[in-house]
Amino acid sequence: MTSATFSIWRGAAGEGKFFKYTTEISEGMVVLDAVHKIQAEQANDMAVRWNCKAGKCGSCSAEINGIPRLMCMTRLNQLPLERPVTIEPMRSFPSIRDLVTDVSWNFRVKKQIKKFKPRPPDVADGSWRMQQEDVDRVQEFRKCIECFLCQDVCHVLREHHKHEEFIGPRFFVYVAALEMHPLDTENRVEELAKAKGIGYCNITKCCTKVCPESITITDNAIIPLKERVVDEFYDPIKRLFRAIRGQ
Amino acid sequence: MPEYQKFEHDVLVVGAGGAGLRAAIEASAGGVTVGLVCKSLLGKAHTVMAEGGIAAALGTVNSADNWKVHFADTMRGGQYVNNWRMAELHAKEAPTCVRELEAWGAVFDRTREGDILQRNFGGHRYPRLAHVGDRTGLEMIRTLQDHGIHQGIDVHMECTVLSLLKDGDRVVGAFGYDRQRGGFLLFEAKAIVLATGGVGRSYKITSNSWEYTGDGHALAYNAGADLMDMEFVQFHPTGMIWPPSVAGILVTEGVRGEGGVLRNSKSRRFMFDDIPEAYRHQTADNEEEGWRYCQGDKQARRPPELLTRDHVARCIVREIKEGRGSPHGGVFLDISWIKEKIPNAPEHIKKKLPSMYHQFKQLADVDITTTAMEVGPTMHYIMGGIRVHPETQMSTVTGLFAAGECGCGLHGANRLGGNSLSDLLVFGKRAGKFAAAFAKEHSAGTINTDQVDSIARSALEPFERGTRSTDAQGPYQIQHELQVKMQELVGIVRTEPEMLKALEEIGKFQKRMRSVAVQGNREYNSGWHTALDLPNLLTVSEAITRSALERRESRGGHFREDYPNKDKAFGEFNIIARRGPGGEMKVVRQNIPPLPAELKQIIEEQQK
Ligand code: SF4
Ligand code: SF4
Ligand code: FES
Chain B
1 MTSATFSIWR
11 GAAGEGKFFK
21 YTTEISEGMV
31 VLDAVHKIQA
41 EQANDMAVRW
51 NCKAGKCGSC
61 SAEINGIPRL
71 MCMTRLNQLP
81 LERPVTIEPM
91 RSFPSIRDLV
101 TDVSWNFRVK
111 KQIKKFKPRP
121 PDVADGSWRM
131 QQEDVDRVQE
141 FRKCIECFLC
151 QDVCHVLREH
161 HKHEEFIGPR
171 FFVYVAALEM
181 HPLDTENRVE
191 ELAKAKGIGY
201 CNITKCCTKV
211 CPESITITDN
221 AIIPLKERVV
231 DEFYDPIKRL
241 FRAIRGQ
Chain F
1 MPEYQKFEHD
11 VLVVGAGGAG
21 LRAAIEASAG
31 GVTVGLVCKS
41 LLGKAHTVMA
51 EGGIAAALGT
61 VNSADNWKVH
71 FADTMRGGQY
81 VNNWRMAELH
91 AKEAPTCVRE
101 LEAWGAVFDR
111 TREGDILQRN
121 FGGHRYPRLA
131 HVGDRTGLEM
141 IRTLQDHGIH
151 QGIDVHMECT
161 VLSLLKDGDR
171 VVGAFGYDRQ
181 RGGFLLFEAK
191 AIVLATGGVG
201 RSYKITSNSW
211 EYTGDGHALA
221 YNAGADLMDM
231 EFVQFHPTGM
241 IWPPSVAGIL
251 VTEGVRGEGG
261 VLRNSKSRRF
271 MFDDIPEAYR
281 HQTADNEEEG
291 WRYCQGDKQA
301 RRPPELLTRD
311 HVARCIVREI
321 KEGRGSPHGG
331 VFLDISWIKE
341 KIPNAPEHIK
351 KKLPSMYHQF
361 KQLADVDITT
371 TAMEVGPTMH
381 YIMGGIRVHP
391 ETQMSTVTGL
401 FAAGECGCGL
411 HGANRLGGNS
421 LSDLLVFGKR
431 AGKFAAAFAK
441 EHSAGTINTD
451 QVDSIARSAL
461 EPFERGTRST
471 DAQGPYQIQH
481 ELQVKMQELV
491 GIVRTEPEML
501 KALEEIGKFQ
511 KRMRSVAVQG
521 NREYNSGWHT
531 ALDLPNLLTV
541 SEAITRSALE
551 RRESRGGHFR
561 EDYPNKDKAF
571 GEFNIIARRG
581 PGGEMKVVRQ
591 NIPPLPAELK
601 QIIEEQQK
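Protein chains in written order, with my numbering: chain B, 1 to 247; chain F, 1 to 608.
Hints were generated in silico from the structure; no laboratory data involved.
These numbers were taken from a predicted model, which means no experiment stands behind them.
Using C-beta positions, here's what the derived DEER-type ranges look like:
1) B:A124 with F:E598: 27 to 35 Å
2) F:G183 with B:R119: 41 to 49 Å
3) B:V230 with F:D365: 41 to 49 Å
4) F:E598 with B:K209: 58 to 66 Å
5) B:G11 with F:G296: 54 to 62 Å
6) F:G329 with B:R119: 47 to 55 Å
7) F:K440 with B:D231: 46 to 54 Å
8) B:P121 with F:E604: 35 to 43 Å
Computed list of lysine to aspartate or glutamate pairs in EDC-like fashion (alpha-carbon distance at most 20 Å, straight line):
9) F:K350 with B:D136
10) F:K352 with B:D136
11) B:K115 with F:E100
12) B:K111 with F:D154
13) F:K352 with B:E133
14) F:K351 with F:D367
15) B:K114 with B:E165
16) B:K37 with F:E481
17) F:K204 with B:E41
18) B:K114 with F:E102
19) F:K351 with B:E140
20) F:K350 with B:E140
21) B:K115 with F:D154
22) F:K351 with B:E133
23) F:K92 with B:D125
24) B:K117 with F:E102
25) F:K361 with B:E27
26) B:K114 with F:D154
27) B:K115 with F:E102
28) F:K204 with B:E27
Ideal placement from N, C-alpha and C gives every residue a C-beta, glycine not left out.
The shape of chain B in the complex, shown without the other chains:
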């Protein structure tokens, strides 16, 4: 058995520091296994959020050697183990304790986005017909596991703290899934431009790089949404139209 050292940020409400733990490691272990081992053997009260341990629930997000990743999908053999592996909580969200952050902002943001509104059913039995190629794109967006790693890495939130004016890449993906849903009849373009702050995104693609579900957030979701905003919202003729219709 070999061992490895982990430097884990511990503390509460933003106050804390890194503690070093050395533990034995075995083949195939992921970072979350090491954290659990340390928790069971050396630090019973260490706070860490996880559920599925298979990259499907998006609970175990953290920053490993400075990179936002899922702890359960980061294998130790992909990390340099000569020096301590640093594990710290996501920095764009308030800390609760140790590796656990307060992500409740995300849940509040989602609630403010207009919900799905389908067109009337296509068939008398109340069902709809859609072709697979028309839902492929939406299905890509719906792979999102709400790990919020993209929110963590986006500089608009991380450095500029625009949480009140900018919904972040996760929710652009969410809005895109609704807007491109073949059955949806709602229009969210105006709010995207105003309250959701899509203009702040300067297409750095950092979000796309960290997405564990490999959703092409920027190219497939954000850019098409930006185009819609320009077309529909800033297009003078459509604006006139809106004014007449009283919207």
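Take the given structure of chain B and dock chain F with the ligands to it, following the hints.
Just chain F with the ligands now, with coordinates in the frame of chain B:
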């Protein structure tokens, strides 16, 4: 006196997976106030792990399908100890529930005609599982979540219920704590729906996450409700076995539905060697026919890899025991072989089984498009649970309802794949509806504050012992040892002496649990939470063991080496675990009501 925060809801739903969310939505639609307690964050419950699909006789792929066939399949899978009324309601109502999800934004894979695509699955006669690649559970929970947040439901995230509160015979509230701050919570409610899921954490190798510690089962049991069918535990035949840190993680049955085959170390498709009589006429007797079935040939019969889960799991155990296993102690599951049959097989596999592809690539360094996977059985699901009324989902305690995995009746001795997601929808909806109706008819009860104080005090005891006196016990250690014992003594293959040994061990754990000690603060203290989960794990482990001892036969998920055959006499009743007057666990037999003639006829017709 410990302090607590107080909340009032007409209906309190405990658990926010598919069943809990569905129940909350329905209760809210019934015009009452609803509180929803989730042990984790919203949308993270184990439902996200479901891969294969939702079973519902929509008949979009094969129009011969209808509720009767689904009903008969479910009864046969459950070896006829199911609650037939639940099986009937489930088969009839599942299609509407799936359509409802679509109306709320779910995007299922499509047929060429643009309807919902359905796939084949073990034990289902026709392609019946509505699905989204191999991430159907995620689609379902996200759809319910995104719809649910607009229904005026109060969501309590990262909260755990420790005890139900009663006023006489009726449940009137619940007491718990919030994980983030460690504060206590008192919920007053006119009706409570338990939807807490399973008990996987009583076993060492399991596909379940840390949350599944039998909370709902134990809450109900402690409140005086009956637990039924607890001996029926489902070991999913294909879990990952290597590397050790991922052992237990599920490999979807969808792999076999898409043509994946099981082989032993001699490269033999051993599933052809043991096809049970009841399934023989529906099972392919050669490899070619099995493949055609997976390709959608309606004339072909299913390959034996798609037999029921209990049977496949036992065949795998046999291969391993008799020395024909894979290097790490499992068998091989191979989907890559389909390259012999179709062009660009690797792309096809990645499209059909994207999560599996990534799971193996990332966790095991195995490319499933070129290499066979190593798999073995993993504790996946418990058919048993809180005994409920088939229509209303009310338990044997007034005002207490249950739905989903923590409830029981639909699956009998063995659950068919895909019937779980539909179970969550159909009976979550029913539980929500009837809980709302109950809440409207009843006024609030009286909470006994002395009881509340004593629960709070005992929840804090592990901290007081935290100074580590010589006999203090760490919570993780006890939990781990229990898991090892249950795996070893009450696992896939059971015997009386081993189970008696298990009872003895459980008794010892119960004693040790009383000196469990934790350190640190109350905020997000996993050690403390593990200590608080222990009594539940022990209660369900005892119920599983006692019920399994009582069933002296083999049926479905329950296999006794000392009684290897099915015994007709045991098909006449269910086994119930209930708390005796002195606090001891009692096991009694409950006769199954006779099957109505018209349902009997359906079953007979389908057997042809
Ligand atoms: S592309 Fe836009 S949303 Fe994504 S990280 Fe960059 S600024 Fe943020
Ligand atoms: S879009 Fe990707 S990175 Fe962002 S929350 Fe979803 S899964 Fe995570
Ligand atoms: S624990 Fe679920 S994604 Fe890591």
